Amino acid sequence: QQQVKQSPQSLIVQKGGISIINCAYENTAFDYFPWYQQFPGKGPALLIAIRPDVSEKKEGRFTISFNKSAKQFSLHIMDSQPGDSATYFCAASIQGAQKLVFGQGTRLTINP
Amino acid sequence: EPEVTQTPSHQVTQMGQEVILRCVPISNHLYFYWYRQILGQKVEFLVSFYNNEISEKSEIFDDQFSVERPDGSNFTLKIRSTKLEDSAMYFCASSPISGGANSPLHFGNGTRLTVT
Chain A
1 QQQVKQSPQS LIVQKGGISI INCAYENTAF DYFPWYQQFP GKGPALLIAI
51 RPDVSEKKEG RFTISFNKSA KQFSLHIMDS QPGDSATYFC AASIQGAQKL
101 VFGQGTRLTI NP
Chain B
1 EPEVTQTPSH QVTQMGQEVI LRCVPISNHL YFYWYRQILG QKVEFLVSFY
51 NNEISEKSEI FDDQFSVERP DGSNFTLKIR STKLEDSAMY FCASSPISGG
101 ANSPLHFGNG TRLTVT
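Note that the protein sequences, when read in sequence, are chains A and B. Going by our numbering, 20 is the number at position 20 of the first sequence; the sequence numbering is gapless. Going by our numbering, 102 is the number at position 102 of the second sequence; the sequence numbering is gapless.
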C-alpha cells in the first residue's frame, strides 16, 4: 500500500512534442506528490509538486494533473526540448512524515 | 545556491569491510536523510535524522547500518560489514523542516558504492 507505480519505464518524444508520465498510488493518506528530475551522475532535483486539494498545477512547460478519485497523477512536459532528457521520478509522502516513496522512474529521451 | 555535498563520489570496497559515506547538508537545514538507488531501480528511503537521533527508518536500514552527525556540519552513513547487495548509489538529502509541501528535499549528487 506504500507503493507508487510509474509508467512508462522509458519514453521517446520528438522535440516540440508533449511528454506524459503517469503515476498511481494506493495509500489515501498520501497528501504531497512531487516530481523529481535526475540527470546522469546527479541527485534527484525537485521539479514541481502538488497537493491533492487542486487538480492541476502548472510551472512553465511543466504541468501536474491530479485525479484524487482515481488515485492517479501525471506529469506533462509541453514543447519538450532535448535538455529535458533525463530520468523522472514521481513520489508521494504523508504530510509531516519524513520519507518519500518514489516511483520506478521514467527515462525520457527527447530527439532533436 | 547552497547544495548538499557528498564524498567520495565513488567508493569500492570488499565484501565484509566497513564503509563510511559522508555528507555535508545545507547549513540551515534541520532534517537529514539517506536514500539509496540500486542501478536501474527506484530511489528508496533508508533513514531520516533530526535533533541527533533517528526519526524514521525503513526495513532496509538494519543493524548493519548506522548514522551519525559527528559535528555541526557532517552527516555520515556507516555500513558495518558490506554485502554485495549493498552496491548502489547512496544519496544524502536535507530539508529545512520535516519533508513535505513546505519543505522540499535537497539531494546531493550521491556516492556510488561498489562492493566486490
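It is worth saying that the hints were derived from the structure and are not from the lab. Just so you know, these numbers come straight off a predicted model, no measurement behind them. By construction, the Cβ of each residue, glycine as well, lies at the ideal position given by its N, Cα and C atoms. Treat each hint with caution, since some may be false.
Which residues of chain A face chain B? A few of them, derived with a C-beta cut under 7 Å, are [what the hints assert, rightly or not]:
| no. | residue |
| --- | --- |
| 1 | Gly16 |
| 2 | Gln37 |
| 3 | Pro40 |
| 4 | Lys42 |
| 5 | Leu46 |
Derived pair list, reagent style DSSO-like, types lysine-lysine, alpha-carbon separation capped at 27 Å [unchecked claim]:
| no. | chain 1 | residue 1 | chain 2 | residue 2 |
| --- | --- | --- | --- | --- |
| 6 | B | Lys78 | A | Lys5 |
| 7 | A | Lys57 | B | Lys78 |
| 8 | A | Lys58 | B | Lys42 |
| 9 | B | Lys57 | A | Lys42 |
| 10 | A | Lys57 | A | Lys71 |
Some chain B residues well away from chain A (every beta-carbon gap over 10 Å; in silico) [stated by the list, open to error]:
| no. | residue |
| --- | --- |
| 11 | Val4 |
| 12 | Gln41 |
| 13 | Ser48 |
So, going through the hints one by one against the coordinates:
1. Gly16: violated (29 Å)
2. Gln37: violated (11 Å)
3. Pro40: violated (11 Å)
4. Lys42: holds (5 Å)
5. Leu46: holds (5 Å)
6. B:Lys78 <-> A:Lys5: Violated, at about 30 Å.
7. A:Lys57 <-> B:Lys78: With Cα atoms ~40 Å apart, A:Lys57 and B:Lys78 exceed 27 Å; violated.
8. A:Lys58 <-> B:Lys42: holds (25 Å)
9. B:Lys57 <-> A:Lys42: Satisfied, since the Cα-Cα distance of roughly 24 Å is no more than 27 Å.
10. A:Lys57 <-> A:Lys71: Satisfied, since the Cα-Cα distance of roughly 16 Å is no more than 27 Å.
11. Val4: violated (7 Å)
12. Gln41: violated (7 Å)
13. Ser48: Violated, since 4 Å does not exceed 10 Å.
The structure does not agree with the numbered hints 1, 2, 3, 6, 7, 11, 12 and 13 stated previously, though it agrees with the rest.
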